[in-house]
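Residue numbers (our numbering), protein chains in the order written: chain A, 8 to 257; chain B, 71 to 388.
Source of the hints: derived by calculation from the structure; they are not laboratory data.
Do not rely on the hints blindly, as some may be mistaken.
[What the hints assert, rightly or not] List of simulated lysine-lysine pairs, BS3-like, C-alpha gap at most 30 Å:
hint, chain 1, residue 1, chain 2, residue 2
1, A, K83, B, K305
2, B, K79, A, K83
3, B, K75, A, K164
4, A, K220, A, K194
5, B, K305, A, K141
6, A, K164, B, K79
7, B, K75, A, K140
[To be verified] Over 10 Å on every C-beta distance to chain A, these chain B residues come out as not near it, computed from the model:
hint, residue
8, V76
9, I77
10, Y89
11, K122
12, L150
13, I154
14, T168
15, Y178
16, S195
17, V204
18, F267
[Unchecked claim] Per the computed footprint, the stretches of chain A lying under chain B, defined by three or more beta-carbons under 8 Å from a beta-carbon of chain B, are:
hint, segment
19, 56-70
20, 93-100
21, 193-200
In this text, a Cβ means the ideal position worked out from N, Cα and C, and glycines have one as well.
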Amino acid sequence: MESRRVIETNELTKVYNGDVAVDHLSFAVSEGEIFGFLGPNGAGKTTTLLMLLGLTEPTSGSARVLGLDPTRDPIKVKATIGYLQENMGFYADLNAVQMLRFVAELNGLTGSEIDGRIEDALRNVGLAKESKKKIGAYSRGMRQRLGVAELLIKDSKVAFLDEPTLGLDPDATNRIMELIEGLGRDKKMTILLSSHMLHQVQKMCNRVGIMIKGQMVAQGPMDQLAKEKLGIGQEKYSLEEIYMKYFQEA
Amino acid sequence: MHGIKVISKKELADHFSSYRFVIIFALIAMISLITAYIVGLNIRQQLEGVAKPRFIFLMLFTAPGAMFSLVQFVAFFGPLVGLILGFDTINRERNEGTLSKLLSQPIYRDVVINAKFLAGVIMISIMLVSIVLVITGLGLLVMGIVPGMEEIWRIIFYLIISIIYISFWLGVAILFSILFRSTATSALASLAVWIFFSFFVSIGANIAANALAGDLPPDSPEAELQQVKIIRAFKLISPMELYTDSTATIIDPLRKSNRSIISVGPLENISMSRFSGPLPLSQSILIVIPHIISLVAITIICFAVSYTVFMRQEIRSL
């Protein structure tokens, strides 16, 4: 399946006050893929995402999102990418409808179109009942689902999800993962998913990349990585084993 | 610019529902009303049995009430309104993590600052216009005098200058909210600047004038004139001074210059006293135009600094 490359980086590097956060990173994600973006905390995953969004300028190297350069064309890039940051960043004193309307209007949607989309999106993520509640009173899981609703409103082609399962209970984790799988399946979104829930990542991602200390130490389909690291003929492997192997080597 | 309307609409809603705005608005409205009432009563008493002088209505704004006149009050406490509206504009969003949500939407970064400034200016305008309207109404009731057309124009100009002045302080507060991570620090920094310009510039100007007096004989007219000139030059770096000078000229038609000492020859003196009537509005405006331009200029400088700092800031360190 040789399809269009949606995300592509070439020797992407970011240096913060002398510390190398992202070190000559090159990887690519194809259209419709769910790419598992793994790595320990502080490996440079968020920085990479910010550079792909055009929110941070790379020190050197280049990035392309849907063929656009995020540094040159940040507005077009941000219009196509839905970004769920780690801490969600919702206004606590707005309710779900107000928040989604705000995002929709910032994305240039107008009038009656908005109401329908908001209603659909909230029903989709199971927040229709709580839509008039202030976001400040939401649980972590609800906020994450609201984040998914935001992606639906924006109708993004590409979604960057930065640790959407952080601090969630098992049930909430499953719900959010199902929703994300649905985005890939039904909306044909290309998804860059950063998560520590290796078990879930293994279930839903087509390919994974493991990033350690700013470098991508491995990327590819999981069985290929398993073959490389755990030996040929491994029928049953877990992503956790692969991940730990790489982590210990680095 | 796409996005400005959306963000400023949200900001306005936030301002209107915030307690801090309600409190400061109530405080200012109360003080203005009391002052206007006292002044109005005083004027009415003094006017009894006397022919009504021209421009008496504007006295409502310039005559001291309990402690200060309304114009002085706005000059002194107006900045606080701007500072309170703006001191946590950017750093609050940064601390709550909402800034990167905002910036990951398809809008330019400067739109965020512009929209927030615009919302603040709208708030300031609503506040000042409503207070002046209420005072005017109260003045009508208490004094029983209807303002003339020119007086109304003067009040409108006074309003415009006041809005620019308070907006300048809003700009200062927004700048500090970009420079400092913590809202407490930015609040303190903006207060410090306010106190510096309100108290220390005039003291500093006097000290500088004494130091720079040179070898002119003390108490001579030349020495005095030079001293006044130096003090004036120093005071003009203070936005507060720019504001009081310009509004005093606008609101008081009998003021023909914003200089405190004018050196005139005997002939000029005679001709001056012949034309002791009030200045037409257009001439008053001509006198204060440089002041207004300076006020706008320092606001723009403030903005330029805000833009450059904000554009260079790394989003990562949110």
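Next on the checklist: Quick check for students: does the CB of B/T168 sit more than 10 Å from each CB in chain A?
Outcome noted: violated (5 Å)
Checklist entry - Taken at face value, is the distance from the CA of A/K141 to the CA of B/K305 at most 30 Å? => result violated (49 Å)
Checklist entry - Looking at B/Y89 again, its CB stays over 10 Å from all of chain A? => result Consistent with the label, B/Y89 stays out of reach of chain A, its closest Cβ about 12 Å off (over 10 Å).
Item to check | Interface exclusion of B/K122 relative to chain A, criterion Cβ beyond 10 Å | outcome: holds (53 Å)
Next on the checklist: Check whether the Cα positions of B/K79 and A/K83 lie no farther apart than 30 Å.
Outcome noted: The hint holds at about 24 Å.
Checklist entry - Taking only the CA atoms, is the gap from A/K164 to B/K79 under or equal to 30 Å? => result holds (28 Å)
Item to check | Beyond 10 Å from each Cβ of chain A, as asserted for B/S195 | outcome: Check passes; 23 Å lies beyond 10 Å.
Next on the checklist: Please check whether the beta-carbon of B/I77 is more than 10 Å away from every beta-carbon in chain A.
Outcome noted: violated (7 Å)
Next on the checklist: Using C-beta distances, would you say chain B covers the segment 93-100 of chain A, given that this needs three or more residues below 8 Å?
Outcome noted: Since three or more residues must qualify, the claim that chain B covers the segment 93-100 of chain A holds, with 7 doing so at under 8 Å.
Item to check | 30 Å Cα cutoff - pair B/K75, A/K164 | outcome: holds (26 Å)
Checklist entry - Far enough from chain A: is every CB of that chain over 10 Å from the CB of B/I154? => result holds (18 Å)
Checklist entry - Taking the closest pair, is the beta carbon of B/V76 still more than 10 Å from chain A? => result At about 4 Å from chain A, B/V76 fails to clear the 10 Å cut-off, so the statement is violated.
The structure fails hints 1, 4, 5, 8, 9, 14, 15 and 21 (numbered hints given earlier, in ascending order).
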